[in-house]
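One letter stands for each residue in the lines below.
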Amino acid sequence: MRIEVLAGPWLGRLSLSALPTDSPVAAGAALVAVLGALGVAGYITAKGRWGYLWREWFTSVDHKRIGIMYVVLALVMLARAVIEALVMRLQQADAINQSGFISAEHFGQLFSTHGSIMIFFMAMPFLTGVINYVMPLQIGARDVSFPVLNSISLMLTAAGAALVMISLVLAPFSTGGWSGYAPFTELRFSPGVGVDYWIWAVTLSSIGSTLTGINFAVTIYKKRAPGMHLFRMPLFCWTALCTSILMIFAMPALTVATALLALDRYLGMHFFTSGGGGNMMVYANLFWLFGHPEVYIVVLPSFGVFSELFSTFSAKKLYGYTSLVLATMTIAVLSFTVWLHHFFTMGQSAHINAAFGIATMLIGIPTGVKVYDWILTMFRGRVRFTTPLLWGLAFLVTFVIGGLSGILLAIPPVDFLVHNTTFLVAHFHNMLIPGTLFGMIAAYQFWFPKAFGFRLEERWGRVAFGCWVTGFYLAFMPLYVLGLEGMPRRSAEVFDEAFRPWLLLAAGGAVLIVLGMAALVLQLAMSIRHRDRNRVTVGDPWDGRSLEWSTSSPPPEYNFAEVPEVEGRDAFWTMKRSGRAYPALDRYAPILLPENSAIGPWLGVLGLATAFGLVWRIGWMAGLGTAGALFAVIGWSFVRRSGRTVGERQVERTETRWHAALVAAVPVSREHECDPRNRGLADVAA
Amino acid sequence: MSVGSTTGKRRHPGLNLHESDAHPSDGEVMFGFWVFMMSDAVLFALLFAVYASLGVNTAGGPGPHDVFELGPAAMETLLLLLSSFTFGIASLAMKYRRGMALLQGMLALTLLLGLGFLGLEVHDFATLQGKGALPQVSAFLSAFYALVPTHFLHVSLGCVWIVVMMVQLRMSGLDRTTRTRLLRLGLFWHFLDIVWVMIFSFVFLRGML
Chain A
1 MRIEVLAGPW LGRLSLSALP TDSPVAAGAA LVAVLGALGV AGYITAKGRW GYLWREWFTS
61 VDHKRIGIMY VVLALVMLAR AVIEALVMRL QQADAINQSG FISAEHFGQL FSTHGSIMIF
121 FMAMPFLTGV INYVMPLQIG ARDVSFPVLN SISLMLTAAG AALVMISLVL APFSTGGWSG
181 YAPFTELRFS PGVGVDYWIW AVTLSSIGST LTGINFAVTI YKKRAPGMHL FRMPLFCWTA
241 LCTSILMIFA MPALTVATAL LALDRYLGMH FFTSGGGGNM MVYANLFWLF GHPEVYIVVL
301 PSFGVFSELF STFSAKKLYG YTSLVLATMT IAVLSFTVWL HHFFTMGQSA HINAAFGIAT
361 MLIGIPTGVK VYDWILTMFR GRVRFTTPLL WGLAFLVTFV IGGLSGILLA IPPVDFLVHN
421 TTFLVAHFHN MLIPGTLFGM IAAYQFWFPK AFGFRLEERW GRVAFGCWVT GFYLAFMPLY
481 VLGLEGMPRR SAEVFDEAFR PWLLLAAGGA VLIVLGMAAL VLQLAMSIRH RDRNRVTVGD
541 PWDGRSLEWS TSSPPPEYNF AEVPEVEGRD AFWTMKRSGR AYPALDRYAP ILLPENSAIG
601 PWLGVLGLAT AFGLVWRIGW MAGLGTAGAL FAVIGWSFVR RSGRTVGERQ VERTETRWHA
661 ALVAAVPVSR EHECDPRNRG LADVAA
Chain B
1 MSVGSTTGKR RHPGLNLHES DAHPSDGEVM FGFWVFMMSD AVLFALLFAV YASLGVNTAG
61 GPGPHDVFEL GPAAMETLLL LLSSFTFGIA SLAMKYRRGM ALLQGMLALT LLLGLGFLGL
121 EVHDFATLQG KGALPQVSAF LSAFYALVPT HFLHVSLGCV WIVVMMVQLR MSGLDRTTRT
181 RLLRLGLFWH FLDIVWVMIF SFVFLRGML
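The listed protein sequences derive, respectively, from chains A and B.
Everything in the first sequence is counted per the numbering used here, starting at 1 for the first residue and increasing by one.
Everything in the second sequence is counted per the numbering used here, starting at 1 for the first residue and increasing by one.
In case anyone wonders, no lab produced these hints; they're calculated from the structure.
All residues carry an ideal CB built from backbone N, CA and C; glycine is no exception.
One or more hints might be untrue.
[Said to hold, decoys possible] Beta-carbon label-pair distances, calculated as ranges:
| id | chain 1 | residue 1 | chain 2 | residue 2 | range |
| --- | --- | --- | --- | --- | --- |
| 1 | B | 85 | A | 368 | 51 to 57 Å |
| 2 | B | 115 | A | 585 | 53 to 59 Å |
| 3 | B | 85 | A | 642 | 35 to 41 Å |
Chain B on its own, in the form it takes in the complex (with noise of 0.2 Å):
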């Protein structure tokens, strides 16, 4: 529940949106949001436990160090870690009101490095065909590609989500709606991150060593 403050302004202990005028229902919509993402969670925990126990199952074809390359997917941990970097200084934007300008650019910019990284592994993907790495090749291929693409579908539907968020920016400023939901989407996009970093030291780093 919010915490009324002497001067009569809400403050939500849960909310990053500072001196501001949060609605006791803001709370329990990032709260909701965060459960989502615990349920998410569970799912991609699971893909790597599937991944963990069928990734050694090469089935005569290519194993992790005939396919992976650990140079495109540091580049891609690199985009994307940049990306949580903008996408926290379009939050800070948003919480000390420094304009619309920056919050949209830094949101831009957001999207841009994810479309990169998403560029960067579709190529990866048709490098991977290329060597014949198919998913219908052996359970290992298939475990892989059943944890990636799921992450690469997010971080698709995350940069809808910018896209529309730009949009509705553009239409409606910053009210309750858009703030809160830029909340749940900077959530969405570091927890989008974090299991990059899990992808990136279980299957890619663990791979190649």
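Pulled out of the complex, with its shape left as it was, chain A reads as follows (with noise of 0.2 Å):
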């Protein structure tokens, strides 16, 4: 391929060449990319709904409406890469032995997409999307420390995302994968713009996620309510102090690493080159500097969630909840000592090996340590199987094997054999499927009734959970073999006959996953119709144990009208069983609250497009991209904001409507929290 010829002064290298022309399949999805944009963007129109969704959506600053738009960015990226993922078990079940549907070069940029959104675009979103929801209200506080900023990161990361999708119609992408390694990635090996679309895409989300970070860390710090010392916290708020601080010290590597690499493709600079004194190994340290602690960051959030769930749907206390802090924290340290083993094979001595796979097995121990106490809080529990449950259950068990993969995979001499197979590809998605996706559907399960005020349908869950498990084992167990038997990853053709039954199960496992995926989209919309009958207004359908499920759902966006005093570990679970739940306010204070802001959207905007310009070398977007935002900033600091008050009256309106449905909702026991009795008033007594 060479450097196409510049189109024009004012679009740089963009030219109708750009459009995926040569491939049905590539055309087919970038039709369905701008066919879907302009559906959903007819239909609001036809709705008259722009003017609600800006100033109720997009310029909110309220932590709820982010978390929410967060999750919704995901579950779409998520789509997308799912079926990628679908097209790419195809290509490979029938390409053995020919070609099969898809170029080699549309494969590559299929797994660099899939991969790059999973982690940057559907994982990173997600878990921030349920942080941001959660956390502020398991802490008891009525936001998070800095909500602009959160809104910013928010647009960030969507502009990014939209970037990604961008690239499916003005193509390509890159095909460097998600790790993006020099020096394929240089300008002599990847000379169009493709890696330009991955290196911006991803700055975008990592500025993002960085300042996230910044935001939730201090939230926690800061903003507990009064008795919620640290080890009172739930685990999940553990779990996100931990993930937060992973982005405070990892993400900057990326920016970097990101960033010399833009500097070698943009300036001719030699960081990674293979000439001129560069040096690629630089790079493969930068980028897992990173990428090994951004393992962390995506799991870490599940783990929390499962904590949440064993608990409450076995009805106890988490057991050995300081030794779950404690996991949680060596992990978060260990994270940042592992990473060479992602460069075993790459040329260091064997000492060096030989410490970063004893480094790496360590990390084993805190994990059993979480496996055992989640098994134990199960143990002479009263254990409900909800869907959310059934998640955390397929997970465990899912988990502890894609973790003993992982010991293997951590003894360098195992590694050397296997490396750059599907084992690989295998171990992998056996961690970080059931470690980050399950836990994040498990979470959207969880928590759907806080956030909308009704339940999701129970029946389409567990078809779902069902396609979803199934289809994993189908998909990924075959790749083991097929590892182990010297397939090598990412290869768009395969050439041994041996293969087409193992290829065949996982490309049947792959279509299992996309119905779950389906099932779940239809498990939406029949919870959105039959809502009424899954209402759950007073806000504590599952018996909860923390204090989100104290306040009515959705809960006011003041969050609480009096901030609540906490004595206990399970706060809300300590407050139902000595009557202290729900107390009546005999006169309401004034709260202040954040404006809505528009600087979010404003920045999103100008940086996609900063990143669009640079993509295609359009510099006067590029620069107008860049000034507008500094400009954005600067005069957004000269407004003087007060905030917005919600006045007493209005408070105590909200607050006797919700004790009028409290009053009005009667008690069901943990064995009717399914059925259309539970209004979300846990019967206490049972």
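Need the complex rebuilt from these two chains, each delivered in its own frame; the hints are there to steer you.
Here it is in structure tokens:
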């Protein structure tokens, strides 16, 4: 491939040849993306909802709305990345001793977008969204420490995701994988704009994540309700804290890696080139100095979710709370000591490999502690097998299998044998799908009634669960076998007839996963349709233990009419048992909330313009975007904001309405929690 | 959290605001900025690490001895250290309420010293270009041009921030917002000073000795 001739001074390298007309599959995907975007925009226009969306959502700085927007973004991107996975599986099953239905170039783009999206635009937004929604409620706060910064982080992440979506239409994307390894991603070997798309999409999201990490860490340190000591926090908040700390320290490494790669590509420097004194191992080190902590960034919040699930649905306090906290912190620290296991085979001495192999295996210890704690939480509990808990159980078993294959890979000689085979692909999917995705889906099922005031349909949840879990085992267990038999990863064609049955099995698994995705969509649609019979307005559908369940569902924008006083762990559970839950206040105070702000969406748009200009070498666009962002921030700093007061009358009205629902509701025992009788008031005596 | 004193005034252990009316959320804002700087420090640390590992790869091009000059670098260090000193006086002027004139004057002086530093650095970069020491020549020079101009960019943003602060002080005087912003700007400015001292020692001194 050659560098395209400049199309003109105004559009840089961009020309009609960017449209993916050469491949029917790529053109079809581009068409779906364009039609989807037009359809959504048309629907909103027809309904006249742009003003509402702008006022109530895009400019909102409410942590709950920002959290929901993050999750919506994650689900949209998940849909795309799952379909890409299916296409790749079908291609490999088809391309045995023949070229299959997509080109090698396109296949390379598929695994690059699939990986980049799953990590940066599915996992990260999903967990950020869930933490955003849940954590402030759990610590008894009214918002995060920096609400406007929160909106900016969201919009930067969304801008990065938009750039990836644009690359579907104005192609091509990178073929360098989600890790963008130099020197393959250097100009000499990847002269097109694909790597630039990857660089700027990832940079936008990593800036957003750094700011998010700062925001969450400060919120947890500074905004806890009176009495909410660190060691009284729900475990989900602990994992949110450790994840945030990892973000603060790990994201800069990604920023440096992508920035230096950009300097190489744009200005001809020699950081990672194969000439001029560049050293590609510096890239590998920088990337995995971020990339390894990153896998704990995406897995720790799920650990928190599962901790909440196991104790709630076993009606028991969490077993070994302190050991779970210590294990979480240990994992966070150890995550920085193992990055080198990502390149055992790249030429360092056996001693270094041995040291990093041992460091890697050490992570199994705190993780094992957690697994035992979760099992013991359920032991002798009154376990209810609701949809969220089912995801938790599937996680427990599957994650242990993945962990064991990880211990195998941590032995450098074994790694030499199976590196760059599908064994590795099987291993990390075996960690990330149960460890991150199942956790996030469980979180979505668990907290959905909190966010929207009605439960999700249990039956469709179970169908989705069945498809996902069976699909997962079918899709990835064969990859272990194929890897041990020597099938290389990332290959568009396969040349061994013996692989066929395993590849077909894996493709079948991918089909099941797509069905699972469809079941999730159906579940949402059916739940919205039958929302009246699933309403849980009072707010505590699962007999919850932490403070987020002590408010109405959905919670009022100010979260708590009066900031709660916390007297121990499982704050809300204790309040319910001692009859101090739902206190009626005789008088209400006005509540000061931050005002909406347009700076977030503006910085998102300007960031996207800058990134798009940089990708296609459209100088004026990149320049205007950067200057615009700088002036927007300066201008914004001159606006004096006094906040918005929710008057005591309004608070009183809201709270009175909720208390009326509270009084009208009949408490349900735990056996009836999936029943229309459940209005969100748990029967404490049961 | 803030500590209420017997006089009813709020003192804040982490805030350099003297017997002030520090609001509880001021501490939160300051702490957030410390955390941000921690993240920024990691960024610089990594650029130093890149320089440490690539700085020996001159690829047949000029090396540190051929291109660095200690004189201008020492001069730049002096300017930046002085600017930290003048910012310190500005902070004290705010803390002890010594009037807006002193505060603004010291900020202006800091700005001038900062601009002087930037000017000298631009001159340095031009000299390097004259010697053929372009970032495209070798990994050593690429690493140099990643580290030092990143600091340059930070100082430039700091200068823009000082200008913005001076305007805002004129517009609204010393209120809660401008006070904590000045404190944060101070942290940022001293932080850049520390990073420069590292650059001076690690890049220039080590390169010349």
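Range hint 51 to 57 Å (beta carbons of residue 85 of chain B and residue 368 of chain A) holds or violated: 55 Å, holds
35 to 41 Å as the expected CB spacing between residue 642 of chain A and residue 85 of chain B, which holds or is violated: 36 Å, holds
CB-CB spacing for residue 585 of chain A and residue 115 of chain B relative to the 53 to 59 Å hint: The hint (53 to 59 Å, Cβ to Cβ) holds, given that residue 115 of chain B and residue 585 of chain A are roughly 57 Å apart.
Checked against the numbered hints above, the structure violates none of them.
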